[in-house]
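S.K.: One-letter residues, chain by chain:
There are 2 protein chains.
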Amino acid sequence: MKLKVKNFNWLAGRPVVILNHETAKALNVFVDDRVEINSKRKIFAVVDIFENLVKTGEIGFSHEVSTVLKQKLNSKVEVNSAQISLSGRLIKKKISGKRLTKKELNIIISDVVHNNLTEAEIAYFVAAEKLKGMSQKEIIFLTEAMIKNGNKLEFKEKIVSDKHCIGGIAGNRTTPLVVAICAAAGLILPKTSSRAITSASGTADVIETISKVEFSPSQMKKIIKQTNACLVWGGSLGLAPSDDKIIQVERLLNLDVESQLLASIMSKKIAAGSNRILIDIPYGKSAKVESKKQAKELASHFKQLSKHFNVELDVVLTDGKQPIGNGAGPNLEMLDIISILKQKPNRALDLEKKSLFLSERLMKLSGIKNSKQKAKQILASGKAFEKFKEIINAQNGKNNFDQQIKKLKLGKFKKTIKALKSGKINEIDNKKINSMCKILGTPETISAGAYLHKHLDKVKKGEPIVTIYTESKDKLEDAIKFYEESKPITLE
Amino acid sequence: MKLKVKNFNWLAGRPVVILNHETAKALNVFVDDRVEINSKRKIFAVVDIFENLVKTGEIGFSHEVSTVLKQKLNSKVEVNSAQISLSGRLIKKKISGKRLTKKELNIIISDVVHNNLTEAEIAYFVAAEKLKGMSQKEIIFLTEAMIKNGNKLEFKEKIVSDKHCIGGIAGNRTTPLVVAICAAAGLILPKTSSRAITSASGTADVIETISKVEFSPSQMKKIIKQTNACLVWGGSLGLAPSDDKIIQVERLLNLDVESQLLASIMSKKIAAGSNRILIDIPYGKSAKVESKKQAKELASHFKQLSKHFNVELDVVLTDGKQPIGNGAGPNLEMLDIISILKQKPNRALDLEKKSLFLSERLMKLSGIKNSKQKAKQILASGKAFEKFKEIINAQNGKNNFDQQIKKLKLGKFKKTIKALKSGKINEIDNKKINSMCKILGTPETISAGAYLHKHLDKVKKGEPIVTIYTESKDKLEDAIKFYEESKPITLE
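Same order as they appear, the protein sequences are chains E and G. Each number in the numbering used here comes from the position in the first sequence (counting from 1) with 908 added on. Each number in the numbering used here comes from the position in the second sequence (counting from 1) with 908 added on.
Hint data in this document are derived by calculation from the structure and do not stem from the laboratory. From a predicted model like this one, the values you see are computed outputs, not experimental measurements. Check each hint, because a few of them may be wrong.
Pairs count within a copy or across copies, as identical chains cannot be separated in the list.
[What the hints assert, rightly or not] Derived PhoX-like pairs: lysine-lysine, alpha-carbon spacing no greater than 20 Å straight-line:
1) K1339 <-> K948
2) K914 <-> K948
3) K1064 <-> K1250
4) K1389 <-> K1045
5) K1040 <-> K1001
6) K1040 <-> K1006
7) K1000 <-> K1040
8) K1193 <-> K1000
9) K1381 <-> K948
10) K1383 <-> K948
11) K1201 <-> K1368
12) K1229 <-> K984
13) K1340 <-> K1000
14) K1317 <-> K1200
The following block holds chain E by itself, in its conformation from the complex:
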């Protein structure tokens, strides 16, 4: 069917066209169906139905369609409801339980990157991966395809290091500490992080409290050249960009798909140029990985995968049965980090200990001898703190570190919850602490969150257990209610 073009030029995030009901009916398409537009080039776009923006016989282009087709206003294009794409047929093949080849997985991932698949089609792919499983070969092909369809960083240094934590633990903000320590020891660390998905904050949210985090790949390389490392958000770099899209669909149901997790982490690290990778798998009842057995299996899959990609990989299984560090929430976690870097007496020693352990392992993996003592010495001497400042100042483009950390305020509404009896704290549920922080407004409200006065320790009646912060009275009340009902912290 020939339709008249209107360029609306809005950024839809993917190729979208607007039709009115009448035209959509004639094309036999619904909202979120796909149409194929043929002019000088062929492009697929997702249908949105608006009544007032276009007339019958007209088609409105989003910016993503306009820039590809370059059609003038009122010119005509041939539009048809799209038959199932090749990727669609391949996803159907995977649903039927068959294996996909290297070429086939590349077609799917390329279509994900070029927005040729709808979220529903990606959901089918994710469900098929989850329910039909992926062979070791398929995971390798998937990882390769995810690396291939995106930007890649290269460094002249032979050894490039990185760490990744599987997550699910409240607080647990080891990354800024490990990066500072290892960069001070001379390692190159192109560290990219995500924003919060299910937790109170992601590393990118925490760094953003005092620093810019969005950079282009060349800006990122410049920062690393200056300081050995960076602490940036991974989302704007175009490294394995299919991953961001797939994660967006996974998180609709908070699905954990192991093949996707493996490919996601490996592709991001390899695209960033890393070849010495430390994976931290915390396990515990309320962590993402629930048992040591599961953690061991996952570790062995990572190791197998790393062999194929010629990277040296080390995995540590860590204690995930409670939050790590005192704070959960962007400003609170940054305050924990600064305290440790400054070696303040009241610092979170559990977070320090774990960060030193991870630094030691990553340094060892990257060829540094006496790594245990070196890590300790770098932190104790203030070298790590200096390196951290250097990285933040490089990211901000000016020496404003001291001003930035002065802005780390906590929410004006707060409540301290005290022990109703003496005893021992026998559980601090990571998921519930994260949920409570979300209710308090994290990660959007950077001053919100929870400060744990105690971990799995003895407490006396009346001692403070946790203080919660937020900028809204309603949210404070909601969080208190949630605390009372869901009991994230229990005493025995």
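Using the hints provided, position chain G relative to the given structure of chain E.
M.R.: Leaving out everything else, chain G in the frame of chain E:
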């Protein structure tokens, strides 16, 4: 986060809000994520990101949101990225392989109907149904939920009849003939049909060549009261409306999900008030159901399901190894039907024979004796033709049947393909014939399609095999190329 309301009042087909990039980032949401809006009522909506329509801190409401929340321009509402909904958690439960209860399936279906689930979430549900299977109980609960969440028709007559074909066969337009014959025999038939999904045309597309097909439930009942039957499009009646939404997601990959097929057909028929249901399952290599074994299994599942719902159900397994009737495409199929009703000598005898057989079975199931002879006599005597005219005139609201059928023209571009050698046609592939018709422009171009001069018969060199019709020279050439490459008809 508090946002300022703009009512855009466009019909998006589901609750949609518009944010700009900045606001979406602050909320940590992407295109197609869901937000929760709290004012006097709480509503979930899907995010669209437009740069120019709203400013930072503003939220644009689609008609579906505006009518629920009734917020004034520039008033403020609380907006947050939506946590996983209860339905989301239930779908995740199904993905993990657990059974869903009656209450749980009702929650999911209710959310489908009220647009509270995104297409991607529905895709997860469909994939879980397909890959984890549904127990007999779950299928019953699903069917009940689909009936409950929608309109229902009731008739004062004790016996209400209907037929359904599983589909996949090119042509095969038995429904108008069966409805005309059975209605002439005195049966009540609230027949609703779909438009084309994968075939050249659906029954609704074929009827629409000469008649209105979109009615409200009360208009539909009026037509049945006048004529005993109707031949309407099922999409506008609100009978088991969740089905339409789920089918839309299934067809993204042309997925066949048996549990959904069973629930879909049973819920539509029962919601329409039918209690005598004939199911036609054609099987064959290029049909939807590929083997007799599969057809038998499906038949037994239908029978089990019917027992629970207290309806009498008969299943016939029919030959699906080639198209039925001569024409494939809206006008061509209507011409086949008129020829049979008029008992023209050149009519499609295979289509007539099958329609008589189905009529006989449905009449017998509905308590009519001597149904075989009666069906024959009704067709031969012209009573079926009279009844068909009556139904079409009732649907059009005037006696314009003769004028309407004069409009049944065929495409001005055509090509007849002839036998290159003498021999026997050993295959006519339904899927390929349907694909060729789609290339010719069906169902949008009602005059397009294929006319089969031969079925699985002997042919002499030079005899015409098939004539194809379309309104576009390009499409004719594309279809000829497709014919030559994919060989839908082969000789031995």
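S.K.: Evaluate each hint against the coordinates.
M.R.: Tested hints:
| no. | hint | in the structure |
| --- | --- | --- |
| 1 | K1339 <-> K948 | neither (52 Å within a copy, 30 Å between copies) |
| 2 | K914 <-> K948 | within (17 Å within a copy, 38 Å between copies) |
| 3 | K1064 <-> K1250 | neither (33 Å within a copy, 84 Å between copies) |
| 4 | K1389 <-> K1045 | neither (49 Å within a copy, 38 Å between copies) |
| 5 | K1040 <-> K1001 | both (11 Å within a copy, 16 Å between copies) |
| 6 | K1040 <-> K1006 | both (9 Å within a copy, 16 Å between copies) |
| 7 | K1000 <-> K1040 | both (12 Å within a copy, 15 Å between copies) |
| 8 | K1193 <-> K1000 | between (35 Å within a copy, 19 Å between copies) |
| 9 | K1381 <-> K948 | between (58 Å within a copy, 19 Å between copies) |
| 10 | K1383 <-> K948 | between (54 Å within a copy, 17 Å between copies) |
| 11 | K1201 <-> K1368 | neither (36 Å within a copy, 71 Å between copies) |
| 12 | K1229 <-> K984 | neither (62 Å within a copy, 41 Å between copies) |
| 13 | K1340 <-> K1000 | between (37 Å within a copy, 19 Å between copies) |
| 14 | K1317 <-> K1200 | neither (38 Å within a copy, 72 Å between copies) |
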